[in-house]
Amino acid sequence: PGKALLLRGPNGSGKSTLVQLLARFYDYEQGDILIDGLSVKSLTLSNLRSHIAYVSQNITLFNDTIARNIAYGQTRGASDEDIINAAKAAHAWAFIENLPNGLDTLIGEDGVLLSGGQRQRLAIARAILKNAPILIMDEATSSLDTEAERHIQAAMENLMQDRTSIVIAHRLSTIENADKIIVMHDGALVEAGTHAELIAKAGHYAKLHSLQFNTVMN
1 PGKALLLRGP NGSGKSTLVQ LLARFYDYEQ GDILIDGLSV KSLTLSNLRS HIAYVSQNIT
61 LFNDTIARNI AYGQTRGASD EDIINAAKAA HAWAFIENLP NGLDTLIGED GVLLSGGQRQ
121 RLAIARAILK NAPILIMDEA TSSLDTEAER HIQAAMENLM QDRTSIVIAH RLSTIENADK
181 IIVMHDGALV EAGTHAELIA KAGHYAKLHS LQFNTVMN
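In our numbering, the protein residues as written are 1 to 218.
Misleading hints may appear alongside valid ones.
With a straight-line Cα cutoff of 30 Å, these simulated DSS-like cross-link-like pairs (lysine-lysine) come out [what the hints assert, rightly or not]:
1) Lys201 to Lys3
2) Lys88 to Lys3
3) Lys207 to Lys180
4) Lys201 to Lys41
5) Lys180 to Lys88
6) Lys180 to Lys3
7) Lys3 to Lys41
8) Lys180 to Lys201
9) Lys41 to Lys180
These are calculated hints, taken from the structure and not from any lab test.
My request is simple: use the sequences and hints to build the entire structure.
Structural data, given as structure tokens:
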């Protein structure tokens, strides 16, 4: 808890598949995945997924109110106060309270009436409200502009506190602050360590980092 594990690798290297195996969107045939020493196959799907909050680049929103979209999946129910607190932690409350109907604003099919950054902050608010011990962030900021990403980054830091976080990201700030980085290539784990350790190895990670850094600088 409180540690962030980052997955890095080129497109198609298996990063998303790996985190989806953890949530059992796919079932594996060999080896095992353990959470606190328990195989994920020993848990019911509902029990396993109740312990995981998943925020991806592709957000599912419904033609309903902001409040109901944030509270989606909460079998225990959520009060307006719970929803507002989650929205504030996700840096979403500032835009929500300026909407004509606030939490009761209808957002259209798949959130079409909101910007990309606003949609992403609702997804993070939903994860904060769920309060699961395991957090998976799969390219949650890759399609956002700089201003939106600044808000999302702050919201992510709130969300990651005291949780086991597994993050797939390409942004330099997210990468360099990770507690441990796992590098994937062609479906295999090929390197592991901190940012500094992997740079010193001058292997797969160092090459990826150099290419990205040069792209950002240019």
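Each hint, compared with the structure:
1. Lys201 to Lys3: Status holds; Cα separation ~23 Å.
2. Lys88 to Lys3: holds (23 Å)
3. Lys207 to Lys180: holds (18 Å)
4. Lys201 to Lys41: violated (36 Å)
5. Lys180 to Lys88: holds (29 Å)
6. Lys180 to Lys3: Distance ~8 Å between Lys180 and Lys3 Cα, so the pair holds.
7. Lys3 to Lys41: holds (24 Å)
8. Lys180 to Lys201: holds (15 Å)
9. Lys41 to Lys180: holds (26 Å)
In the structure shown, a violation is registered for the earlier hint numbered 4 alone.
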